[in-house]
Amino acid sequence: QQPVQSPQAVILREGEDAVINCSSSKALYSVHWYRQKHGEAPVFLMILLKGGEQKGHDKISASFNEKKQQSSLYLTASQLSYSGTYFCGTEFFYSGGSNYKLTFGKGTLLTVNP
Amino acid sequence: KAGVTQTPRYLIKTRGQQVTLSCSPISGHRSVSWYQQTPGQGLQFLFEYFSETQRNKGNFPGRFSGRQFSNSRSEMNVSTLELGDSALYLCASSFAGTGEKLFFGSGTQLSVL
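One line per chain: the protein sequences are A and B, in this order. Once you know that position 42 of the first sequence is 42 in our numbering, the rest is easy, because the numbers rise by one and skip nothing. Once you know that position 37 of the second sequence is 37 in our numbering, the rest is easy, because the numbers rise by one and skip nothing.
To be clear, the hints were calculated from the coordinates, so they are not data collected in a lab. Small disclaimer: the values here were computed from a predicted structure and weren't measured.
Computed footprint of chain A on chain B, listed as stretches where at least three residues anywhere in the stretch have a Cβ under 8 Å from a Cβ of chain A: (1) 32-43; (2) 47-56; (3) 94-106.
DSBU-like, lysine-lysine: derived pairs with alpha carbons at most 35 Å apart: (4) B:57 with A:106; (5) A:37 with B:13; (6) B:101 with A:59; (7) B:101 with A:37; (8) B:57 with A:37; (9) A:26 with A:59; (10) A:67 with B:101; (11) B:101 with A:106; (12) B:13 with A:106; (13) B:57 with A:68; (14) A:67 with B:57.
By construction, the Cβ of each residue, glycine as well, lies at the ideal position given by its N, Cα and C atoms.
All chains, full assembly: derive it from the sequences and hints.
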């Protein structure tokens with residue numbers, strides 16, 4: 001039931017774009033995205049609650065395809081500060097609501113070089 | 001506004017011992033979730049509490065237990081420690097625990113020797 005993230009790792013040069021994917025085999029209530037830098041706690045990026053919804057702030061955005069139970073995180077014009085491990089987390093539908101269990105993928109290590 | 005506070009920051013134990021970790025959520029948050037993080041495995045869900053009730057738990061042995069107090073502070077306990085329990089244990093809090101952002105603490109790094 002753990003969501004599957006791809007790729008496992010990606011290396012960029014500053015200014016390049018990247019896409020991180022997250023897929024689930026079960027109907028989703030929500031999809032979360034977090035970034036964790038080495039030695040620090042994960043930090044919230046965004047949450048998507050509706051199918052087909054797209055959210056974003058600054059140059060990071062995400063989409064949620066409800067039919068495919070997939071979400072993608074888009075990082076455009078990457079900056080050095082974007083480096084870190086990105087985790088998607090999923091909540092499943094249960095009894096008309098959430099199952100109160102945010103399950104995370106194994107993460108995608110993003111490295112942005114000058 | 002204070003963030004999520006976890007104590008202690010570091011722990012060293014030996015096999016067979018037990019350990020209790022503490023988590024104080026952000027004021028007003030009633031949901032607390034616990035995660036185990038190990039290299040290569042990401043964040044593994046342990047359990048979630050809301051208003052002193054466990055609403056869900058992950059696939060961990062019964063040696064892992066938790067509780068939540070009326071002030072929303074939470075503790076998790078691991079009994080009969082094994083080498084494989086060495087990990088970073090993170091707690092996260094939110095208002096309702098569903099469909100909203102989680103605020104993570106800095107974690108407790110547990111080493112089992």
